[in-house]
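Following the hints, complete the assembly by docking chain E onto the known chain U.
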Amino acid sequence: MTLATAQSWGSQVLWVDARPRAKFEREHIPGAVLLNEDEWVRLVGPFLDEWEPGKNIVVYCDGGSCDASQAVVKRIKEELQVDGPVWVLQEGWDAWLQRK
Amino acid sequence: MLRAVLPICCFAIVAAPLRAGLVWEKSAQSFHRTPGDGHLETKFVFRNNGKAPVTIRKVRTSCGCTSAKLVKNTFDPGERGEITVRFTFGDRKGPHRKIIAVDTDEKTDAAQLSLQVWIHEPLTIAPALVFWKTGDAIAAKTVQLNAESGTPVRVKGVASSNPRLAAKLETIKPGGQYVVSITPSDTSKKESAEITVETDFPADQPRSYTIHARIKRSPRRCASSPSCSRSRSCPRSSPARSSSPGKSPRRSPKTK
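Protein sequence lines, in the order shown, are assigned to chains U and E. Using the numbering used here, you'd call the opening residue of the first sequence number 19 and step up by one each time. Using the numbering used here, you'd call the opening residue of the second sequence number 3 and step up by one each time.
Incorrect hints may have been included.
[Said to hold, decoys possible] Across the chosen pairs, the derived CB separations fall in these ranges:
{"hint": "1", "chain 1": "E", "residue 1": "PRO79", "chain 2": "U", "residue 2": "GLY102", "range": "54 to 62 Å"}
{"hint": "2", "chain 1": "E", "residue 1": "ARG82", "chain 2": "U", "residue 2": "GLY81", "range": "31 to 39 Å"}
{"hint": "3", "chain 1": "U", "residue 1": "GLY102", "chain 2": "E", "residue 2": "ASN51", "range": "51 to 59 Å"}
{"hint": "4", "chain 1": "E", "residue 1": "ASP39", "chain 2": "U", "residue 2": "GLN25", "range": "28 to 36 Å"}
{"hint": "5", "chain 1": "U", "residue 1": "ALA40", "chain 2": "E", "residue 2": "THR198", "range": "50 to 58 Å"}
{"hint": "6", "chain 1": "U", "residue 1": "GLY81", "chain 2": "E", "residue 2": "ASP107", "range": "23 to 31 Å"}
{"hint": "7", "chain 1": "U", "residue 1": "GLN88", "chain 2": "E", "residue 2": "ASP78", "range": "16 to 24 Å"}
The set of hints was computed from the structure by calculation and includes no laboratory data. Every residue, glycine too, gets a C-beta built ideally from N, C-alpha and C.
Bound conformation, chain U alone (with noise of 0.2 Å):
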């Protein structure tokens, strides 16, 4: 997924940020919510809060090569199997950074 065409779903994205919660604390795509495999258990309750049936997920972690993002969304589609599509954003944060 690119981040052009995420971003061109407005609001009916839900974007999650898959890095460790100090990146996320220092920076993070507007109105991302954090979940990663470190604190999975803290962290799916309120992911699940602000997720709604349908709503396009985007992942994304640090860059090309993490493979962070590929856990959460697999952690998402097979545990949790929420209604609707799970994307993982095309060079993760990096493009988000060099989107200009």
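Below, chain E alone, put in the same frame as chain U:
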């Protein structure tokens, strides 16, 4: 002919040991652990088989959950060394492969070490989320609890954090298979519950698990329309979410 080939052969014989550099005893390691172990620490041992000292410039790991520690950086010919790698599980489970890249001053690509860890969850919960949309029929939804083969896990009970989403436990096979039924008292408005599943395993520190139950607002009809997605007419983000980059949404619920 011989004269033409000889210099190349000599170069190869001399250069090969220099290029050999660090040789790893075991560049790939795999382990089986449980979540209760919390972390795994292992050593990747090497020897400098080259004719010259080798300096390790940098050790990189593929995940923030994995750290690598090196006591010293330069190793003389014949000297042995080790990199201590620690993988902190957090809330991970299942198979995980972590790559540790070792950059040296040799004219070779970084060595790629592999750490594979399978974190076995003794009880699987599927699905970990049940949800209804507002206005849905008041019908129970079920969650399957299955113990990993060969690991008897008894579910002692379930408790819901919200009485309007009641949970009931049914034993299919003691120590192996259970079903949790979750029923809303009504679906007219948004609700949220966490259902705690208490087990007796492991005996010294029994684990508990969480099933999430939600009643969500039905999406408005326009939600699937591309034009709607670009407009402001669909349900908007909750104010609990951050609209301010650089701050935690929960610590600093600022809005622009």
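Which hint numbers does the structure go against, in order from smallest to largest?
-> Numbers 4, 5 and 7 - these are the hints that the structure violates, sorted from lowest upward.
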